[in-house]
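> Residue strings, one per chain:
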Amino acid sequence: MSEPTDSDLNLAPREVVPTAARGKKKPWFAYAVLVLALGAGGLFVAKFLTNAIDYYCNVDEIGHKSGCDVGRNIRIQGVVDKGSISKAGSVTNFTVTFHGASMPVVLSSKPTGLFQECIPVVITGKVVGADDGTQYFEGNEVLVKHSEDYDKENKDRVATANGEAAACSQKG
Amino acid sequence: MNLTSSPSPTSGARAKHPTSTRFTRALGIAALVGIGWLVLFGLFLSPNDRVQKTGVRILYIHVPSAWLAYLAFGVTGLSSAAYLWKRTRNLQWDRLAGASAEVGVLFMGITLVSGSLWGRISWGQFWTWDARLTTTAFLFVTYIGYLAVRDLGGTHQQRAKRSAVMALLAMLEVPLVHFSVKWWRPLHQNETVEKGKLNGLMLFSLFIGLISFTLLYVWLVIHRQRVLALNDQVDDRGLDLALAARREES
Chain P
0 MSEPTDSDLN LAPREVVPTA ARGKKKPWFA YAVLVLALGA GGLFVAKFLT NAIDYYCNVD
60 EIGHKSGCDV GRNIRIQGVV DKGSISKAGS VTNFTVTFHG ASMPVVLSSK PTGLFQECIP
120 VVITGKVVGA DDGTQYFEGN EVLVKHSEDY DKENKDRVAT ANGEAAACSQ KG
Chain H
0 MNLTSSPSPT SGARAKHPTS TRFTRALGIA ALVGIGWLVL FGLFLSPNDR VQKTGVRILY
60 IHVPSAWLAY LAFGVTGLSS AAYLWKRTRN LQWDRLAGAS AEVGVLFMGI TLVSGSLWGR
120 ISWGQFWTWD ARLTTTAFLF VTYIGYLAVR DLGGTHQQRA KRSAVMALLA MLEVPLVHFS
180 VKWWRPLHQN ETVEKGKLNG LMLFSLFIGL ISFTLLYVWL VIHRQRVLAL NDQVDDRGLD
240 LALAARREES
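Protein sequences, first through last, are from chains P and H. Mapping the first sequence onto numbering that gives the first Met the number 0, position 120 (from 1) lands on 119, and the numbers just tick up by one. Mapping the second sequence onto numbering that gives the first Met the number 0, position 38 (from 1) lands on 37, and the numbers just tick up by one.
Rather than coming from a laboratory, the hints here were simulated on the basis of the structure. Backbone N, C-alpha and C fix where the C-beta goes; we use that ideal spot for every residue, glycine too. Hints should not be assumed to be uniformly reliable.
Claimed, not checked - Label pairs and their in silico Cβ distance ranges:
| # | chain 1 | residue 1 | chain 2 | residue 2 | range |
| --- | --- | --- | --- | --- | --- |
| 1 | P | Leu37 | H | Thr213 | 28 to 36 Å |
| 2 | H | Val233 | P | Phe28 | 13 to 21 Å |
| 3 | P | Gly132 | H | Asn189 | 31 to 39 Å |
| 4 | H | Lys85 | P | Pro26 | 25 to 33 Å |
| 5 | H | Pro174 | P | Gly82 | 40 to 48 Å |
| 6 | P | Leu37 | H | Val32 | 40 to 48 Å |
| 7 | P | Pro103 | H | Asn198 | 35 to 43 Å |
| 8 | H | Trp182 | P | Gln134 | 25 to 33 Å |
| 9 | H | Trp182 | P | Asn72 | 22 to 30 Å |
What the hints assert, rightly or not - 35 Å max Cα-Cα, derived DSBU-like pairs, lysine-lysine:
| # | chain 1 | residue 1 | chain 2 | residue 2 |
| --- | --- | --- | --- | --- |
| 10 | P | Lys125 | H | Lys52 |
| 11 | H | Lys194 | P | Lys64 |
| 12 | H | Lys52 | P | Lys86 |
| 13 | P | Lys151 | P | Lys109 |
| 14 | P | Lys64 | H | Lys196 |
| 15 | H | Lys194 | H | Lys181 |
| 16 | P | Lys46 | H | Lys196 |
What the hints assert, rightly or not - With the Cβ distance kept under 8 Å, some of the chain P side facing chain H (calculated, not the full set):
| # | residue |
| --- | --- |
| 17 | Trp27 |
| 18 | Ala29 |
| 19 | Val32 |
| 20 | Asn50 |
| 21 | Asp53 |
| 22 | Thr111 |
| 23 | Val121 |
| 24 | Asp131 |
| 25 | Leu142 |
| 26 | Lys144 |
| 27 | Glu147 |
| 28 | Tyr149 |
| 29 | Asp150 |
Only chain P is shown next, with the shape it has when bound in the complex:
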């Protein structure tokens, strides 16, 4: 091979050839996804710290546990008492019980999901005092807290009835 002369040299910029160091996708897309993921992650951490750790107070903790104060916006959990559900216009009244403590609830929204008697529920609202000195829970939303128990429908009517009775009498 002869030595190249000046006239043989091509000084024009070379075309960039893809190499292993370059991904086929544009990195800005990956950076954008990463920024979005970081933003969403930050939001979820904030939600976890402010909302998820103590998602609710049990009925027996109201007024006793820190964060479960009367007059403050909280969520309470208890089992809906059998025969306690009644409706008056747009308001639904029922009582929830947990570990022997009961709380009447006045719910301003329509119950959804699997809401029924003898089922654990979480209600958002606040404890307020009635004129007669008693307390009740002024709820604006109810969520049904389904248990981990699954049972075949109509497997055994006696067993089902017994189970329902037991669930309602346990109250948590």
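With chain P held as given, fit chain H onto it using these hints.
This is chain H only, laid out in the frame that chain P set:
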């Protein structure tokens, strides 16, 4: 089983299906049959629940997809550890980690969507910020972030090292999600299968879901891992061509 089989593009019949082998075809058929069984048992043969009625059938999608997401992220973590350990360092581990994370994100997405639909039926709401849901959503975006980190550029080795470190950190979240129902007070229910609260055809349908989704996971990961290997080959050949071009110029 050779996960990294990447046949030559010129090798006749295999070139038509560069990521498939007889084994993966059999696996794919088995997964398909399993999903058929899942549809049959999940939708028609298993009974309604006493409280949730027909809404219980979402269980047969929701729980297996969550389990598979955990498995996928576990495989990603272990493969990443294998890459970081010098004695086993090989890009095959990195590609397995990436493929498993992609499939894991898919299953986690299915978990979130199916859980949201189930929540609407059962709780009365699509979403709430309880401990299980919030940690699951956090896990989901963590692995989306992991996939983004894999695509930030650099050499294959740089990609493998940075994503392996992130995968090991991200894997710590999996027990956090799983035990969130024990450690905190969520709206989400506690463990069902571990406590023996599911039985008969309901348990059998869930079992079919777990098996068929696991087969689907393995099938997807093998194919995706081979696609990633082919992508790396394309990148490497681009580098080889560039080097050859430079040598010709000199």
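> Looking back at the hints listed earlier, which ones does the structure fail to meet?
Numbers 17 and 24, in rising order.
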